[in-house]
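Asks: Take a look at the letters that make up each chain.
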Amino acid sequence: MAIKNRKNEEWLGKLRPAERSPRAVQELRQILRRALDKALGNHADLSHADLDDFAQEAIHLILDRLEAFRDDCRFTTWAIGVAMRAALDRLRQRRDYHPLPETIDLAPLGRRTEDALPFDPENPALLTALRRAFDVDLDDKERELALSEEPLDRVALRQGSNRARVFAERHVARRKLRDSLLEAGFPAPVVAETPDTTPDASEPADVATPETPPS
Amino acid sequence: MKGQEPLLALLPAVAATRDEEFDCDETLDRMGTLYEHLATGSEPSPELALTAHHIQSCASCRDELEALARAQRRSD
Chain A
18 MAIKNRKNEE
28 WLGKLRPAER
38 SPRAVQELRQ
48 ILRRALDKAL
58 GNHADLSHAD
68 LDDFAQEAIH
78 LILDRLEAFR
88 DDCRFTTWAI
98 GVAMRAALDR
108 LRQRRDYHPL
118 PETIDLAPLG
128 RRTEDALPFD
138 PENPALLTAL
148 RRAFDVDLDD
158 KERELALSEE
168 PLDRVALRQG
178 SNRARVFAER
188 HVARRKLRDS
198 LLEAGFPAPV
208 VAETPDTTPD
218 ASEPADVATP
228 ETPPS
Chain B
7 MKGQEPLLAL
17 LPAVAATRDE
27 EFDCDETLDR
37 MGTLYEHLAT
47 GSEPSPELAL
57 TAHHIQSCAS
67 CRDELEALAR
77 AQRRSD
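Going down the list, the sequences are from chains A and B.
Just so you know, we're using this note's numbering here: the first sequence kicks off at 18 and counts up by one.
Just so you know, we're using this note's numbering here: the second sequence kicks off at 7 and counts up by one.
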């Protein structure tokens, strides 16, 4: 069967330690190498040797974490994703790395404006509450993480941590701020408007008034 | 008020924070699925929505999804 039509289970069967096929490993390496070239090959500082190294490193990562594959997409799509992380982790350590331009619209799937809590940035009381939560509820590390605009990879590198952990810590900090604002009564509950029964002076005089309901 | 400006910039992220979110490793394991969903336009699961939510707040994962898409698009 052609490699491009190989089913996930066949890939896994050929890559699991017990029955690992050197040929299948080589075929996967070639797929990753081509993918890396297509995605990153125009990066000025990347040589063929770099791409070969990235592909080799990715192969090790993939073989080590085969059990993480959830079988809900093509195996090669998942594997290329792992390869991209491995390569970009390396590239981000170079000072001149610039992220790829954003071309994918995730708005319909992910964070939608209507899902966010309607905190009003113009409300001075909210800013006071936010400042208080920031000062009181967060520790020094959480304050730094909450405010940092530095990419998580760099923060992780600087702190001797890893990206997943830094993300989780930042999430905790943001959640604390959100919960503090909610506890302080923000966003203020929407009060239903009561119908205005005051006669409107601009209303034409001949408009019939509703009949009084029977008592 | 000047000193509060950095906090003001935090507000959208704070407002969008969910109780449970995927971290970068959990997102990586679902990135291929997300990409294939985007390519086919099938109905997203709540899990995919969480994956997309993470990617919108994580520049590194975003970059990796863009790289995956570049690699796949040109070979389609």
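It should be emphasised that the hints constitute simulated quantities derived from the structure, not laboratory data.
Computed from a predicted structure; not experimentally measured.
Ideal Cβ positions, reconstructed from N, Cα and C, are used throughout, including at glycine.
Just to be clear, a hint being listed does not mean it is correct.
Label-pair distances were calculated between CB atoms; the ranges are [as the list claims (entries may be wrong)]:
#1 16(B) <-> 37(A): 26 to 34 Å
#2 199(A) <-> 45(B): 32 to 40 Å
#3 199(A) <-> 15(B): 13 to 21 Å
#4 39(A) <-> 45(B): 29 to 37 Å
Examples of chain B residues lying across from chain A (beta carbon under 8 Å, computed) [unchecked claim]:
#5 20
#6 38
#7 41
#8 49
#9 50
#10 52
#11 68
#12 70
#13 72
#14 77
Asks: Taking the earlier hints as the rules, which of them does this structure contradict?
Replies: 1, 8, 10
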